Amino acid sequence: MFKVLKSTTSLTICVALALPSGGFAQSATVDCAPEGAEAVFPCVLADGTEVLNAEQLADQVQGVVSGVIDGTGAVEAEASVEAEADAEAETEAATNAAETLAEEADAATAEIEAAAAAAQEEAIAAQIAADAEAKAAADQEAADQAASQEAVKEAVPVEEAAPAEVTAQQQAEATAAPQAEASQTEEQTDADLAAQQEAEEARLEQRAAEASAAAEAAAAADSGEAEAQVETEEVTAAQTRSSDQEFETQVTGESSADASSNAAPQAASQEDDGMSKFEKALLLGLGAVAVGAVLKNGSKVVSNSGDRLVVEDQYGDLRVLKDDDALVRQAGDEVRRETFNDGSARTTVTKPDGSQVVTILGRDGTVLRRINIDAQGDEYVLFDGTREERRVVVNELPQIEQRNTLASEQNEEALRLALETQLRGDQAQRYSLRQVRDIRQVRALAPQIELDAVRFATGSAAIRPEQAKSLAKIGTAISDAIRKDPRTVILVEGHTDAVGDAGYNLALSDRRAETVALALTEYFDVPPANLITQGYGESTLKIRTFDAEPANRRAVVRNITGLLRQ
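Per mature numbering (1 follows the signal peptide of the UniProt record, and there is no 0): the sequence shown = residues -25 to -1, 1 to 541.
These are computed hints drawn from the structure, not numbers from a lab. Given the structure is predicted, the values throughout are model-derived calculations rather than measurements. Heads up, the beta-carbon is just placed ideally off N, CA and C, and yes, glycines get one too.
Straight-line C-alpha distance at most 25 Å; calculated BS3-like pairs for lysine-lysine:
hint, residue 1, residue 2
1, K275, K252
2, K326, K459
3, K517, K444
Have a look at the derived ranges for each label pair, beta carbon to beta carbon:
hint, residue 1, residue 2, range
4, E376, K444, 29 to 39 Å
5, L392, M250, 44 to 54 Å
6, M250, G352, 36 to 46 Å
7, E162, G352, 52 to 62 Å
8, T323, L392, 30 to 40 Å
9, G307, Y355, 18 to 28 Å
10, A177, L392, 38 to 48 Å
11, A477, D317, 29 to 39 Å
12, D165, R362, 23 to 33 Å
Please take these sequences and the hints and turn them into a complete structure.
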């Protein structure tokens, strides 16, 4: 449109057409923009204005255009003002509506609160009334009961008022029941400790007598005052067992089918009469080996597997008896055994390198004293149970929280440090090997390391070679500890789950401890004389369950050197 308006003629025509036509008298002057013609000057516009030339015509057109533009702006401004006014009106209306709704909500809330308050007041009033009625009824009942009791008192002798006293006593007993249970638990704990202490005192006296007799017998034999039955032999491979082999017999004493396919180490130690050398030695020392028989020390035989006896003492505690020297004897060793009249013995095991292990055994086969003599003739006393034992007061021992160190989670250096860890508690007392074996609180003074890589199958006392090799770190650490201190003594413990008979589990766990010790000697050259094995059956469960739990079928080692020579 603006391009068109650039033409003066076109502008003139447009303006002329837009302006109203006036009624003028005809004159000599013509219109400025007749339709279809060019403008002729002078000419007259539609409003009567006379235009003399094209420049005046352009000025007139510019004025008209400016007026039109100004008019358009005014219209737009007027429209904007009207829009703003409409928006303000709408906002004001919305605000008024919101205020109205808020006022209505406040009014509704006030009505609800008022209704709730009224309901609460009514409930309180009803409760007060109910309480008053209940109190009145209770008072009336009490009054009636008092009157009735008074009437009974008048009609019945005073002695027959006992039921009321009984009721009061029952209430008192019911109130005191929880306290009584707690007190009973404490009393039971105290009673258990007292029983344990009593049994320990009896064992102390018995073992002291046996150890003294064994020591005296050995001394008499050395001085020539007494004669001993002497036997010598060279140990063959057929008389030994490896860690991956089962025992020839089951724990119950029956023949083991699993062992028949492997070497039968026990067969070579059987005499013609079918009894093992261990059983014959026990016959001499204890008087019997048959299941159900009562031994000279008063214990009763619970089971006999040929290599082990489980006996129950007069306190109901189970013990496993075995030849503690069996682990020391290896293929190629020369063994000299001196058996004394009371059944105790002294064995001298000479190794191929000329070193010797001298052991004194009690009449039940338990090791009492052991000395290592190396190839250079140096002697190392590992422990000596022939000396007088000092009394152990169990409830005065430090209460130790047992921490479990898993061998598989430690490197070799950490295991070496764990074996060298000082004993727990401020203890300066020396304990006998028997006390360490038998008293759990004493044993706990030495930190334990669980051989968690070794897991036994149900009823089995053998481990696979790959499991034995997994003991490399702990085996090396033990070997290094013994090389550093030849008097080091390591206790190897066997444990079972709670499935089966307690006596069965005790013998099985003792076999498992022997198996682990065998693996340590076979694969890592740990000297067997520095190892003591002991089974504890189901007495110390890692996981409290009666189910078949592999984690409970485990082996543990402790460095008990410090306990034995404080």
